[in-house]
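There are 2 protein chains.
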Amino acid sequence: MSDKNKSFLTHLECSKCGERYSADIVQQLCECGKPLLARYDLERAKKELKKDLLIERENTLWRYRELLPVLKDENVISLGEGMTPLVKCDKTSKEMKINKLYIKDEGIVPTGTFKARGAAVGVSKAKELGVETLAMPTNGNAGSAWSLYSARAGMNSVIIMPEDAPKITRTECALSGSKTYLIDGLISDAGKVVKNSIDKYKWFDASTLKEPYRIEGKKTMGYEICEQMNWEVPDVIVYPTGGGVGIIGIYKALNELREIGWIGSKMPKLIVAQAEGCKPIVDAWEKGLDESEFYENSKTIAFGINVPKGLGDFIVLEAVYKTEGAAVSVNDDEILEGMKIIAKNEGMFVCPEGACAMMAAKKLRESNFIKETDSVVILNTGAGIKYPNAIEVEIPYVEKDGIVSI
Amino acid sequence: MSDKNKSFLTHLECSKCGERYSADIVQQLCECGKPLLARYDLERAKKELKKDLLIERENTLWRYRELLPVLKDENVISLGEGMTPLVKCDKTSKEMKINKLYIKDEGIVPTGTFKARGAAVGVSKAKELGVETLAMPTNGNAGSAWSLYSARAGMNSVIIMPEDAPKITRTECALSGSKTYLIDGLISDAGKVVKNSIDKYKWFDASTLKEPYRIEGKKTMGYEICEQMNWEVPDVIVYPTGGGVGIIGIYKALNELREIGWIGSKMPKLIVAQAEGCKPIVDAWEKGLDESEFYENSKTIAFGINVPKGLGDFIVLEAVYKTEGAAVSVNDDEILEGMKIIAKNEGMFVCPEGACAMMAAKKLRESNFIKETDSVVILNTGAGIKYPNAIEVEIPYVEKDGIVSI
Chain A
113 MSDKNKSFLT HLECSKCGER YSADIVQQLC ECGKPLLARY DLERAKKELK KDLLIERENT
173 LWRYRELLPV LKDENVISLG EGMTPLVKCD KTSKEMKINK LYIKDEGIVP TGTFKARGAA
233 VGVSKAKELG VETLAMPTNG NAGSAWSLYS ARAGMNSVII MPEDAPKITR TECALSGSKT
293 YLIDGLISDA GKVVKNSIDK YKWFDASTLK EPYRIEGKKT MGYEICEQMN WEVPDVIVYP
353 TGGGVGIIGI YKALNELREI GWIGSKMPKL IVAQAEGCKP IVDAWEKGLD ESEFYENSKT
413 IAFGINVPKG LGDFIVLEAV YKTEGAAVSV NDDEILEGMK IIAKNEGMFV CPEGACAMMA
473 AKKLRESNFI KETDSVVILN TGAGIKYPNA IEVEIPYVEK DGIVSI
Chain B
113 MSDKNKSFLT HLECSKCGER YSADIVQQLC ECGKPLLARY DLERAKKELK KDLLIERENT
173 LWRYRELLPV LKDENVISLG EGMTPLVKCD KTSKEMKINK LYIKDEGIVP TGTFKARGAA
233 VGVSKAKELG VETLAMPTNG NAGSAWSLYS ARAGMNSVII MPEDAPKITR TECALSGSKT
293 YLIDGLISDA GKVVKNSIDK YKWFDASTLK EPYRIEGKKT MGYEICEQMN WEVPDVIVYP
353 TGGGVGIIGI YKALNELREI GWIGSKMPKL IVAQAEGCKP IVDAWEKGLD ESEFYENSKT
413 IAFGINVPKG LGDFIVLEAV YKTEGAAVSV NDDEILEGMK IIAKNEGMFV CPEGACAMMA
473 AKKLRESNFI KETDSVVILN TGAGIKYPNA IEVEIPYVEK DGIVSI
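In order, the protein sequence lines correspond to chains A and B.
To convert, take the position in the first sequence, counting from 1, and add 112; that gives our numbering.
To convert, take the position in the second sequence, counting from 1, and add 112; that gives our numbering.
None of these hints come from the bench; they were simulated from the model.
Predicted model, so just to flag it, every value in this text is computed and none were measured.
Heads up, some of the hints might be wrong.
Intra- or inter-copy, both count: the list cannot distinguish identical chains.
[Said to hold, decoys possible] Straight-line distance between alpha carbons at most 20 Å, and here's what the computed DMTMM-like set of lysine to aspartate or glutamate pairs gives:
| # | residue 1 | residue 2 |
| --- | --- | --- |
| 1 | K118 | E160 |
| 2 | K279 | E504 |
| 3 | K206 | E408 |
| 4 | K381 | D444 |
| 5 | K304 | D402 |
| 6 | K291 | D513 |
| 7 | K475 | E178 |
| 8 | K200 | E186 |
| 9 | K399 | E131 |
| 10 | K434 | D486 |
| 11 | K312 | D402 |
| 12 | K118 | E388 |
| 13 | K291 | E484 |
| 14 | K381 | D486 |
| 15 | K118 | E405 |
| 16 | K203 | E478 |
| 17 | K307 | E160 |
Isolated chain A, as found in the complex (with noise of 0.2 Å):
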C-alpha cells in the first residue's frame, strides 16, 4: 500500500439506478437525481485488512482509513473525530427489562454532535478534489460542523440557516469565518438560496446526500459499535432519523464489514425513531411503502430530525425492510420524559433526538418487538449542551449564609 494512497475507494455508484461515476472528480447527485455511493475494491479489503491492524492505529473514525474515500494524508482535515463512548446503561437496562442496553455517544465529538463525522470525511474529500467554496442550507449543527472544518482546510464555506436555528450554531458558523446567511424561513427556503447561488457562482453543493461523502463519515458510527462489541453486532441499533444520513451509513457499514468477513452473516434489527411531529418515514414504514411522502407542517423539539422528506428516505426504508427492522414514532412530551430518564439513571444530558431514539426502544420493548435477552444499542447524535432551550427546569433558592432543607 502506498502512503500516496491509502483509500480502497474505486469509484461512485448510484444508490437507485446503480450507474457508476468517477471518484476522482467533483460529483453530486446521480443523473437520474439520487444519491451515490462510494465503492471500495472490499475483496482486496477482505484479504488484506485484518482487524488487528486496528490495536495500535489512532482513536479516532480515521482508523478505518482504507475503507473511507480520502487518498492522501495530507488532505485529511480532522480534531479528533470518532470513538465516541459506548456507554453501559444497567439503570434503564433493568428497569426496561432489555439485558444489554447501550448509548453510542455522539455528543463527544468536535461540535458536539454527529454531524462532525460527515463533514470531517466530507470537508476532507472535497479538498483532496480540489474544491474551493461549498456551500450548504441547515438547521444549525451540520452547519456549524461544516464551517468550522471548512475553516481548518482553509476552504470558504457559505452556510444559509433558519433565524430560529439555534444561536449557538450561528455563533460557531459566524467565528469559523464561514459567509453565513439567516433567512425569514424553513430549511427548504435556504436550500433554494443555495441552489440559486450555486447555478451563479459553481460552487460545491454540500447539501445532504447531494454529496458522496459524509455518508463515509457517518458510516463509521457503524463501524465503531461492532468494533467496541468485539465484532458482535447487537441485536438492535435505534436511530434518530431525520434526512437519515446516519442510518443509512450505519446500514451501508454493516454491509461492508459482512463482505469483508469482520463481521458474520447476522444484521441487527434496525429501527427508524421519529418525533411524532415528523414521521415521514414511520407512516411509509406502516403502509410498506418504498419511499417517503412529504410530511406536512412538521414540527417537533427535536429540530434536528425534523425533516419532511429526505432525499435519501428509500435508503432508510430499505434497510428497515432489510433488517427486519420497525419505525417507531413518540411525541415530544415522551422525549422530555427520556431526557429526564436517561440524565438521572444514567448520568447522560442527551439532546433530544438521543432520547427519542431511547423511548422508542421503550416502545418497542413494551410490545415485545425488542426481546429482554436483545442486545440493544441507542444512538445519541448530539450533546444536550447544544439544545440549551429544549428543557426548562424549576430550581429554588437558598439564602445567603443559610442552610438547606432536606
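Chain A is fixed; fit chain B onto it per the hints.
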C-alpha cells in the same frame, strides 16, 4: 495484581505539612487546613508497569488504572471520559512563529469540560468509600459534571450555584436529579451554605481541593499529553488557571511519570494563564511570593477562571517556580480575539479559558520567553458551546428565493 485491587494507591499526604492519612476512609483537608494528595507505590509501578501495556487499553483516562485511586473495577463510574484529542495547530503555529503548537481539547468529554475528569475519579472514589451524599458550591461546570456522575453512581448530590451561573449548567444539575439551589451571591456565598449544610447533615464536602481525588482525575491530562507525544514532553504547557487543580494535577502527573521512568528528567515549563480581571497567581509570581493574595472585585468573561484565591495556590506557584515557568494575564478583549483566531485558523470553537491560554502563549512568544523551536501545548478546558453568550456575532439576512452576494 488482584482483580479486586488494581490501584497502587498507598496513602494520602498533606501537600503542605507532609502529614500522612489513611486512604481507606473518607478524608477531607489535612488538620493544618491544606489539601491532601494521593500517593502511590511508585517503586512497584516502576518495576511492574511498562508503557506498552497501554496499547491495548481502553481509550479513557482509566487506562492509567494503577495510578488512579479506585481499588475495585465495580466502583469505576465512567462515561468514556479522557484521551481527548491533541490537535496540531499549524496555521496559528505559523502566525505565532512557534514550531510546534497543539491544543489539548478538553471540550471533547462528557459534560463538555475537563471537570468531567475530576468528577469521574472523585465520584468513583467517593462511592468506593461509602459516601451517600456529596455537596459542593460551583460556578457551573464542576456542578454539572459532579451531579451527572453522582447520578450515574446512584449517589445524592447537593449543588449550590450563583444565580448568574450559566443556565445550561443549571439544567444539567437539575435534570440529573441533584438537589440544586441558586443563591443571590458569589461562589463564596454558595460555599458558606455548603459548609453550614455539611456541618448539620454530615455530607461529604466535594468542594475544590477539599477532597483529595478530583486532582487524580485531572492529572490524567498530564499523562495523556506525554503519551500522545510519544513520551517526549513538550517544552511548554500553558494552563488557564482558576482554582488551579488542573495545573497541579499535570505537575503531579509529570513528577509521577518521571519517578516511574516513563519520561526523562526534563520538565515542561508550566505556564499559568489568567484573565486580567482575576490574576492573583500572576501577581504573586511577579512578586516572587509563595502564596497568592485574595483578588478583590474580580471580573472576567472567562468565568471558569474567576477564582480570587485558590486553596491550592501555593502548589500552583511551586509548579511554576520548579519548572521555570511563568504566569501571564490577558484581557477580555484579547480572549475574545483568541476565540476568533482559533475558530478561523484551526476550526475549533474553544471556551474563553482556552483562548486565554492561547493568547498567553502569544505574549510569551512575543517576549521571547517561548522560543521559535519550542513545542507548546495549550489546554482548552471546555467546549465553546457551553458558553453560548460569551461572544456576539452579527449575521446578515438573505431574501427568500434570493441569492447571496459575494
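Of the hints given before, which are not true for this structure?
3, 4, 5, 7, 9, 11, 12, 13, 15, 17
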